[in-house]
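Spelled out, the chains give:
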Amino acid sequence: DTAVSQTPKYLVTQMGNDKSIKCEQNLGHDTMYWYKQDSKKFLKIMFSYNNKELIINETVPNRFSPKSPDKAHLNLHINSLELGDSAVYFCASSHSGSAAYEQYFGPGTRLTVT
Amino acid sequence: LAKTTQPISMDSYEGQEVNITCSHNNIATNDYITWYQQFPSQGPRFIIQGYKTKVTNEVASLFIPADRKSSTLSLPRVSLSDTAVYYCLVNLVGNQGGKLIFGQGTELSVKP
Numbered sequence: 001d002t003a004v005s006q007t008p009k010y011l012v013t014q015m016g017n018d019k020s021i022k023c024e025q026n027l028g029h030d031t032m033y034w035y036k037q038d039s040k041k042f043l044k045i046m047f048s049y050n051n052k053e054l055i056i057n058e059t060v061p062n063r064f065s066p067k068s069p070d071k072a073h074l075n076l077h078i079n080s081l082e083l084g085d086s087a088v089y090f091c092a093s094s095h096s097g098s099a100a101y102e103q104y105f106g107p108g109t110r111l112t113v114t
Numbered sequence: 001l002a003k004t005t006q007p008i009s010m011d012s013y014e015g016q017e018v019n020i021t022c023s024h025n026n027i028a029t030n031d032y033i034t035w036y037q038q039f040p041s042q043g044p045r046f047i048i049q050g051y052k053t054k055v056t057n058e059v060a061s062l063f064i065p066a067d068r069k070s071s072t073l074s075l076p077r078v079s080l081s082d083t084a085v086y087y088c089l090v091n092l093v094g095n096q097g098g099k100l101i102f103g104q105g106t107e108l109s110v111k112p
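Quick mapping for you: the protein sequence lines, in order, are chains Z and L.
Using the numbering used here, read the first sequence as starting at 1 and increasing by one per residue.
Using the numbering used here, read the second sequence as starting at 1 and increasing by one per residue.
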């Protein structure tokens with residue numbers, strides 16, 4: 001009965017490859033997020049979707065493309081991976097896109113680009 | 001540049017009270033302040049949330065002054081298991097509209 005799940009948990013790949021990370025939530029939330037956490041623990045929002053529509057798109061390279069097939073899923077596709085993309089990526093969901101609503105986070109995907 | 005600021009790290013001993021302050025000068029008028037806790041290799045999890053004055057739950061208290069430009073998370077009588085990174089989350093108002101911002105996190109180390 002996992003609330004927010006991500007796959008895979010670990011992803012090791014070479015520079016230049018294309019990879020995807022999947023996220024699913026079973027909480028009935030209508031807002032989902034992707035965050036990047038670097039080695040210094042800084043959590044930075046990348047994207048936010050509300051009812052399958054993009055509402056936050058921070059300054060991230062065009063190589064990152066989120067896709068939300070339905071309210072329960074928000075996948076992250078990354079093209080032409082670079083060394084600097086190595087980080088932990090967290091998916092989260094909430095009832096709404098403001099800080100007023102508790103966000104539920106997935107376990108994270110540790111991406112290592114070699 | 002709109003941002004939040006927290007101490008990078010704090011040390012404490014078991015049984016002590018720990019107060020972690022987050023400054024958020026440009027907080028959006030109608031938005032809340034939320035604090036999260038993160039253990040190694042896990043996603044952050046909700047601790048407490050407030051809008052103004054004081055909020056208390058079974059694990060923490062949150063103090064917010066009238067101007068709402070800062071907030072203080074208070075952990076009473078910490079134990080070793082409270083060793084974690086603590087983040088504040090607010091919705092900041094900037095030139096590009098509202099923006100959800102996490103603080104850089106405070107790494108709390110509780111010693112026996």
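Note that these hints are calculated values from the structure, not bench results.
Where hints are given, some of them may not hold.
[Claimed, not checked] In silico DSSO-like links for lysine-lysine, alpha-carbon gap of 27 Å or less:
1) Z/Lys52 to Z/Lys40
2) Z/Lys71 to Z/Lys40
3) Z/Lys41 to L/Lys99
4) Z/Lys44 to L/Lys52
5) Z/Lys36 to L/Lys54
6) Z/Lys71 to L/Lys52
Comparing the hints with the structure gives:
Of the pairs offered as hints, the one joining Z/Lys52 and Z/Lys40 is violated, with about 31 Å between alpha carbons and a cut-off of 27 Å exceeded. Restraint check for Z/Lys71 and Z/Lys40: not satisfied, since their Cα atoms lie roughly 31 Å apart, outside the 27 Å limit. Between the alpha carbons of Z/Lys41 and L/Lys99 the distance comes to roughly 19 Å, so the proposed pair stays at or under 27 Å and holds. In summary, the hint linking Z/Lys44 to L/Lys52 is supported, as the alpha carbons are separated by about 25 Å, within the 27 Å threshold.
Straight-line distance between C-alpha atoms of Z/Lys36 and L/Lys54 comes to about 31 Å, which puts the hinted pair past the 27 Å bound. For the suggested pair Z/Lys71 and L/Lys52, the alpha carbons sit about 32 Å apart, so the restraint of at most 27 Å is broken.
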